[in-house]
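Chains A and B supply the protein sequences, listed in that same order. All you need for the numbering used here is the position in the first sequence, starting with 1, plus 975. All you need for the numbering used here is the position in the second sequence, starting with 1, plus 825.
If you are wondering where the hints come from, they were derived from the structure by calculation, not from laboratory data. Honestly, I wouldn't trust all of these hints.
The calculated lysine-lysine pairs, modelled on BS3-like cross-linking and capped at a C-alpha distance of 30 Å, are [what the hints assert, rightly or not]:
#1 A:K1171 / B:K839
#2 B:K839 / B:K953
#3 A:K1171 / B:K967
#4 A:K1237 / A:K1283
#5 A:K1005 / B:K953
#6 A:K1171 / A:K1005
#7 B:K967 / B:K926
#8 B:K932 / A:K1005
#9 B:K967 / A:K1005
#10 B:K967 / B:K932
#11 B:K926 / A:K1171
#12 B:K953 / B:K926
#13 B:K926 / A:K1005
#14 B:K910 / A:K1005
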Amino acid sequence: MFKDLFYILVFPGFAFLSLFALAAEFYDRKLYARLQNRVGPPWFQPLADFIKLCAKEDVIPEAANQNIFKVMPVFVLASVVTASFYIPLWNNTALLSFNGDVIVVLYLLTIPTLGFFVGGWYSSSLFARLGSVRTITQLFTYEVPLFMGILASALLADTWSLSELVSFYSQHGWLWLCNFVGFAVCLLALLGKLEKTPFDIPEAETEIVAGSFTEYSGRLLAFLRLSTDIEMIVGSALLAAVFLPFSFNLGPGLGFILFISKVMFIVSLLSLARTVAARLRLDQMITFCWKILTPLALLQVFINLILKAKLIR
Amino acid sequence: MSTVSNIVNWARIKSPWLLHFNTGACNACDIEIIAALTPRYDLERFGIQLKGTPRHADILVCSGPVTRQIEDRLVRIYEQMPEPKFVIAVGTCSCTGGVFKGCYNVKAGIDSAIPVAAYIPGCPASPKAIIDGVVKLLSSLKEK
Ligand code: SF4
Chain A
976 MFKDLFYILV FPGFAFLSLF ALAAEFYDRK LYARLQNRVG PPWFQPLADF
1026 IKLCAKEDVI PEAANQNIFK VMPVFVLASV VTASFYIPLW NNTALLSFNG
1076 DVIVVLYLLT IPTLGFFVGG WYSSSLFARL GSVRTITQLF TYEVPLFMGI
1126 LASALLADTW SLSELVSFYS QHGWLWLCNF VGFAVCLLAL LGKLEKTPFD
1176 IPEAETEIVA GSFTEYSGRL LAFLRLSTDI EMIVGSALLA AVFLPFSFNL
1226 GPGLGFILFI SKVMFIVSLL SLARTVAARL RLDQMITFCW KILTPLALLQ
1276 VFINLILKAK LIR
Chain B
826 MSTVSNIVNW ARIKSPWLLH FNTGACNACD IEIIAALTPR YDLERFGIQL
876 KGTPRHADIL VCSGPVTRQI EDRLVRIYEQ MPEPKFVIAV GTCSCTGGVF
926 KGCYNVKAGI DSAIPVAAYI PGCPASPKAI IDGVVKLLSS LKEK
């Protein structure tokens, strides 16, 4: 009982993830600033933002559906924290694992997008509704290549469990390098999932103010921002587990440092993409995802099928 | 209690988010405000970010005199911002009405419509003056 509570609330649950997420947001913003030749925010910036938002007044629009508006941020936060339990941290086994948890993690990571959609829709502001519609349109474009890329590597490992997938790859030396195409595809799709430039179409602040977050303020906004940060590290940790599955059998300490550096490596790739690219239009993104990313993900599936036929023989 | 309020006050000073609103300026002050937000001056050093919606903003940065047409909208935007909130008037026009004072379509400075926390004069106010004004407003919060 106490052990479970500890897992949920402290490590690797809420407390650890929040701290790690704030640190990752700082790292992302600082790297972004340095790449633009700026000084960038001080290290405590995400924490100060969080505390300030928590201390601000909560405004709930009269026209909004009160309950859904208030529940959505908590719902989103809970789903991303739950997803983290299925991802292996420093060793090959996650806290919870069963055959099929890859699918569960992927769907748990879809809930935030749906949460933003529902929350934005029920805040009944025009900008929020436009943002919600864009969020859900975007969901249909990046989700397919992301799923195919991750499931392609599960196909090669012949398992639907993340923990077994990681131990399969760590036993097979350099086999994970064959998933390179899938890694690139999933990285781009993850950018879309996290609604970061060049795929930040749903929050495009120059067009539709702040997308589905337009009406959120105070504590609710603080939790929404925290959950997007946690989504970023959980998504990166998922990619790190699937595509960079080497662990070298280090102990908990060193292995944990390796895990953190893998996640940070993926976060840096995301910030790099954010710096070099400008925002696409929605139709350009749909074309890109369906005509380039999806065929590439299919290519990865074919490569893995051929590899698997060879391996079995 | 006092530690908590100290922490909250610290967070407020370190993370002011701006909302920029043109109440009828000749556009020169707006160009200077945008210039202050570019990487050259890098306001993110102070945690300052430009936000698109009044719900997220802490500081309303107004430029220009209050025209009769914009008055209602200015008050509405001010009321949409969650507490605590501050208003900064950028440019001589928004401090007093400036060259537009006495025009048939213009009321006066921003303070004729909503309470103002800091005045930054200049025609137009230079980015350095704007940053200085914002930092002074933030350090005045520290003393409270
Ligand atoms: S203060 Fe000068 S530059 Fe600024 S809006 Fe007024 S006239 Fe234009």
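Cross-check of the supplied hints:
no., hint, in the structure
1, A:K1171 / B:K839, "24 Å, holds"
2, B:K839 / B:K953, "19 Å, holds"
3, A:K1171 / B:K967, "34 Å, violated"
4, A:K1237 / A:K1283, "27 Å, holds"
5, A:K1005 / B:K953, "23 Å, holds"
6, A:K1171 / A:K1005, "15 Å, holds"
7, B:K967 / B:K926, "34 Å, violated"
8, B:K932 / A:K1005, "43 Å, violated"
9, B:K967 / A:K1005, "26 Å, holds"
10, B:K967 / B:K932, "33 Å, violated"
11, B:K926 / A:K1171, "45 Å, violated"
12, B:K953 / B:K926, "26 Å, holds"
13, B:K926 / A:K1005, "44 Å, violated"
14, B:K910 / A:K1005, "27 Å, holds"
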